[in-house]
Amino acid sequence: MIQALLHDAEKKKITSQTMVVWLNKLKAPICNAENVLDELAYEDLRRKIEVQNRMRNKVRNLFSPSNPLVFRFKMANKVSNINKLLDRICKAADDVGLKSAEQVIGPNIVEPREFMTTGPFLDERQVVGRDGDVLKVVDLLLGIDIEGDLPVIAIVGMPGVGKTTLAQMVYNKADESDKIDKRMWICVSDNFKVDKLLNEMVESLGREKSDVQNRQGVLKMLGKELNGKKYLLVLDDVWNTNPDLWVDLRNSLTGIKDSKGSKILITTRSLEVLSAIQTFPTCIHQLNLPSEDDCWKIFSKRAFANRAPSEILTLDVIGRRMVKKCERLPLAINALGRLLYSKQDRQEWESIEKSEIWNSPENKNGILPVLRLSFDNLPSPSLKKSFAYCSIFPKGKVIIKDDLIQLWMALGYLQPSSRSKVDIEELDNEYFKILIHNSLFQEVKFDEYKNITSCKMHDLVHDLAVYVSQGNSLTLEASEMKNIPDVQHLSLVLREETGLDISKENVGNLRTVFLRERLPKIKKQFKRIRALRLVKSCAEELPSSICKSIHLRFLDISESSILKIPNCITKLYNLETLKLPNSLKELPKDFLNLVSLRHFYIEDSNENRELTPKNIGQLTSLRTLPFFVVGNKSGQRIEELGSLSNLRGGLRVYDLQHVKDKEEAMKAKILEKANIQELKYHWDNDFRESDNNHEDVLEGLKPHRNVKGLVIQNFGGSGLASWMSKDACLLQNLVKIILKDCRLCEQVPALGHLSHLVKITIDGLQNLKCIGPEFYGQYEEINCNCSSSEGAAAREVFPALRELELFNLPQLKEWSNESSLPKMKLFPRLQKLYIVACPELISIPGNFLIHSAITHSIVLCCNPHNLTRNEV
Numbered sequence: 001m002i003q004a005l006l007h008d009a010e011k012k013k014i015t016s017q018t019m020v021v022w023l024n025k026l027k028a029p030i031c032n033a034e035n036v037l038d039e040l041a042y043e044d045l046r047r048k049i050e051v052q053n054r055m056r057n058k059v060r061n062l063f064s065p066s067n068p069l070v071f072r073f074k075m076a077n078k079v080s081n082i083n084k085l086l087d088r089i090c091k092a093a094d095d096v097g098l099k100s101a102e103q104v105i106g107p108n109i110v111e112p113r114e115f116m117t118t119g120p121f122l123d124e125r126q127v128v129g130r131d132g133d134v135l136k137v138v139d140l141l142l143g144i145d146i147e148g149d150l151p152v153i154a155i156v157g158m159p160g161v162g163k164t165t166l167a168q169m170v171y172n173k174a175d176e177s178d179k180i181d182k183r184m185w186i187c188v189s190d191n192f193k194v195d196k197l198l199n200e201m202v203e204s205l206g207r208e209k210s211d212v213q214n215r216q217g218v219l220k221m222l223g224k225e226l227n228g229k230k231y232l233l234v235l236d237d238v239w240n241t242n243p244d245l246w247v248d249l250r251n252s253l254t255g256i257k258d259s260k261g262s263k264i265l266i267t268t269r270s271l272e273v274l275s276a277i278q279t280f281p282t283c284i285h286q287l288n289l290p291s292e293d294d295c296w297k298i299f300s301k302r303a304f305a306n307r308a309p310s311e312i313l314t315l316d317v318i319g320r321r322m323v324k325k326c327e328r329l330p331l332a333i334n335a336l337g338r339l340l341y342s343k344q345d346r347q348e349w350e351s352i353e354k355s356e357i358w359n360s361p362e363n364k365n366g367i368l369p370v371l372r373l374s375f376d377n378l379p380s381p382s383l384k385k386s387f388a389y390c391s392i393f394p395k396g397k398v399i400i401k402d403d404l405i406q407l408w409m410a411l412g413y414l415q416p417s418s419r420s421k422v423d424i425e426e427l428d429n430e431y432f433k434i435l436i437h438n439s440l441f442q443e444v445k446f447d448e449y450k451n452i453t454s455c456k457m458h459d460l461v462h463d464l465a466v467y468v469s470q471g472n473s474l475t476l477e478a479s480e481m482k483n484i485p486d487v488q489h490l491s492l493v494l495r496e497e498t499g500l501d502i503s504k505e506n507v508g509n510l511r512t513v514f515l516r517e518r519l520p521k522i523k524k525q526f527k528r529i530r531a532l533r534l535v536k537s538c539a540e541e542l543p544s545s546i547c548k549s550i551h552l553r554f555l556d557i558s559e560s561s562i563l564k565i566p567n568c569i570t571k572l573y574n575l576e577t578l579k580l581p582n583s584l585k586e587l588p589k590d591f592l593n594l595v596s597l598r599h600f601y602i603e604d605s606n607e608n609r610e611l612t613p614k615n616i617g618q619l620t621s622l623r624t625l626p627f628f629v630v631g632n633k634s635g636q637r638i639e640e641l642g643s644l645s646n647l648r649g650g651l652r653v654y655d656l657q658h659v660k661d662k663e664e665a666m667k668a669k670i671l672e673k674a675n676i677q678e679l680k681y682h683w684d685n686d687f688r689e690s691d692n693n694h695e696d697v698l699e700g701l702k703p704h705r706n707v708k709g710l711v712i713q714n715f716g717g718s719g720l721a722s723w724m725s726k727d728a729c730l731l732q733n734l735v736k737i738i739l740k741d742c743r744l745c746e747q748v749p750a751l752g753h754l755s756h757l758v759k760i761t762i763d764g765l766q767n768l769k770c771i772g773p774e775f776y777g778q779y780e781e782i783n784c785n786c787s788s789s790e791g792a793a794a795r796e797v798f799p800a801l802r803e804l805e806l807f808n809l810p811q812l813k814e815w816s817n818e819s820s821l822p823k824m825k826l827f828p829r830l831q832k833l834y835i836v837a838c839p840e841l842i843s844i845p846g847n848f849l850i851h852s853a854i855t856h857s858i859v860l861c862c863n864p865h866n867l868t869r870n871e872v
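Using the UniProt record's numbering, you'd call the opening residue of the sequence shown number 1 and step up by one each time.
None of these hints come from the bench; they were simulated from the model. If you're wondering where the values come from, they're calculated on a predicted model, not measured in any experiment. Just so you know, even glycine gets a beta-carbon here, dropped at the ideal spot from N, CA and C. Any given hint could be a false lead.
[To be verified] Here are the simulated distance ranges between beta carbons:
hint	residue 1	residue 2	range
1	R346	Q3	28 to 36 Å
2	E176	T282	22 to 30 Å
3	D447	G719	27 to 35 Å
4	N306	G719	45 to 53 Å
5	S291	E672	36 to 44 Å
Please take these sequences and the hints and turn them into a complete structure.
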C-alpha cells in the first residue's frame, strides 16, 4: 500500500508542496522498514550458514545475540512499531488527496518486457547543422597560426546548445591530422585545480594515475610525453573565472619544451571565463542555436524513425508545436524526440504537449521541461529512483555501466517479477538502455563485442538528477563539512584526518558511503549501509568495524592500499559485489561464507592468482570471476567451475596442465555457460612433450556457441580441437581469436566462414609451416547447417575481418590461396595487416589485396629476399 501511495505522490509533487512534505515524512519509516526486513533475512541466512558449517554451540547462552528468543522479541517490537507508524501515514494519505492502493498500479515490480526499448540507439555523432562550426574550429585549430605561446580556442554557448558535441567532433578531426601529435581530453566542470588538471593530463595520455604529489614530478612526466610534440588539450565545461589559476596553468605548461603549435580548446557557457583567460592568446567561436529547420531535422530523426508516412502526417503538427517549446536547444530536442519515439499514438503525444511541466516553477532552477518530462515518463518508480541515484557521481564523471548496475542492485532498486526467469543484471541492463534512449545518459562507449561499457551525464541532466533526488544525495569535501545532514547517499573527500559526525537519527538512513583519500574516525558505525567505496585510501588494513554492517551488499576497496581484510568480513552474508585491491596479501580464511557473492573482482596478476580460494565452486551465485587457477588438489581442480553455472562476461583459466584428460576438462561444463563472452585458456609454458595431454584437454573445453572472444596460450598440442574446425556453426558469433605461443601447433583453425570475426592474431606458433586451404572455412557445412543469412555471408571469405596479425612464425613458408573458391572475395573489409618476424615466408595470397579495404598500415617484417617484388 505504501509503495502504491508513493507512486501517486511522486506524480503529484510536481505541483504540490504538500506532497513534498508528505514524502519527506515517509523517508525514515520506509528506511526503518527496509532495515527490519533485511535484518530478518540476514538472520535466516546466518543460521543456515552456521548449520552448514557445523559451527553452532551445543549449549547456547540464553542472552547471546544469536539467541532465537531474544532476537524474536526484539524484532517483534520493531515490526509492531513500524506497522503502527505506517498505518498512521496511510490514514493521513486521504487528507492530502492520495489514492488508495486499489486505485493505482500495485506492486513496484514490472515485467522486463515492459522496459524493452523498441528501436535502435541513434549514433550521438549524427549531428545536424554543425558542419560549418566544425570547419571553422578545425581551421582555428589546424589552419591558422595564432601569435603567442599556447593559444586558447574557446567554444562559447548556452547550456544544451551542443558545445561538448562540437568539441568531440573537432577532437576526432585532430586525430586525423598530422599537425597534432598528442591529444588530451579533460572534463573540468567546477573543479578547476591546476595540480588535478596536470595529473589528469598524464592519465589522458595513457599513463596510469600518478601518485606523485609534487608538481615538478608530474610536470617531468608530462615533459617525457610532450617534449618536442604538438598537442591538443581539451578542457570541457570550464567555469573557472579566477585569472590566477589560469596564469598558474599557463606557467606550468609553457615549461614543456619545443611544443610550439600546441593549442588548448575549451568549452564554456560563461563569458566571465573569457575575461579570466586573457593571459593566453585567445580565439572565440560563438556556438549559436541551430536554425528552426535544423531543429525539426534533429527531432524528426529521433521521433519518426521507422514510422509509416501516414503516421508521421498525423503527428507532424503536434511535434512542431512541441519543438518550438524546446527553444532551439539540441539537448532538449533530442530528449523530446526520443521520448515521443516510444509514444505510439496521437493521444499520447497530446498528453505530453498538455503536461503541466512545461509551465512548472522548477524550470526557474534551470531544469529543462523536456528533461523533466523524460524523467516523469520513465516506466516505473524504481527506474526513476535509479536515475536519481546518479546524482552521487560528480559532474562530468565517466559512469561505468557494471559498477552502476551493481550499486542499483545493492540498494534494492531493481526487483524482477517472481514470474520472471530474467537475472537482475539483465533487468538492470534494460534500465540502463532506457536511460540512454531517453537522453538521460550520453557519450556512450562500447567494448569490442558491442556491449555498453560506460556513459556520462550532461550537466543539465546531472542538475535534474540532483533536483529529483530531493536532498537524498550529497557530495562534498571535508572542508565544507560540519554536520552531515539527513541523506541516504553520501560521497566525501577527506584531505585530512577528521571525524565523521552523523546524528543518531540520520545514521540509520544512510545507504551509500563513498570515501576518498582517508578513512575518517567514525563516531557512529555505518551499520545499515548497503554500499561502501574507499578510493585512494592510504590505510593498510580494513577496520574491523565494517563487519557490523550486516546489510552491506557492495564493497569496493579496489583503489586503496589495503593489505589485509579482517576475517569477520565473511559474516557479511548479504555481500553481492566485492572489489579487492592489487595490494592485498591474502583472502580471509572463511571466504566461502560469502554465499550471496555475485561479482568478485581482483586484478589478474601472477601474485593475485595465488589468492584463488579453494572450493570456489560452493559460491554458486557467482556471475563475475576474473580468473580461475587449476590445481591438482581437492578444491582446486577444474570441476569447481562446473557448479558455477551463472558465470558471465570473461573467464580466464590458468594452469590447464593440471587437467588430466578430456573427461576431467568436461567437468568444468564450459559448453553450458551461455553467458560467457570471452574465454582464455592458458597452460604453463614449461611442459614435457612426453606428458602432453593438451589436445585431449582442449577437446573437453568446448565453449558455448555464444562465445565472442577466444584466447589460447601456451597450448602444447600439434593440432587444435575438432570443435574449432569441424563444428562449423559453433564459433559463429566469434569476434576475436588469439593463438599465442602454441609452440608445437602445426595448423590454423577454419575461420573464413565466420561472419562476425573482426580480429585474428597468430603469434609464436613455431611449428607452423603453411597457412593452407583449411584457413578459409567450410562452406558446404555452413550452407547445410546454418541460417540462410550466414550462408549468404559466406560468399565473402572473412567477410567482417578488420585486423589480421601474424607474429613470430619462424617456419612459416607459404600462405596459399584457396583455389576451390575462385569467385569468392578474400578479406573484403581488412584494414590492418601485420606480418612480423616471419623470415622464411615465400608467398602470400595475391588476390586478397585487390578485394581488401586496407586503410591503415601493412607491415612486412620478414626476409626481403624471399618475396618477389610483385608479391610485396
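Okay, the hints, checked on the actual structure:
| no. | hint | in the structure |
| --- | --- | --- |
| 1 | R346 / Q3: 28 to 36 Å | 32 Å, holds |
| 2 | E176 / T282: 22 to 30 Å | 25 Å, holds |
| 3 | D447 / G719: 27 to 35 Å | 32 Å, holds |
| 4 | N306 / G719: 45 to 53 Å | 49 Å, holds |
| 5 | S291 / E672: 36 to 44 Å | 57 Å, violated |
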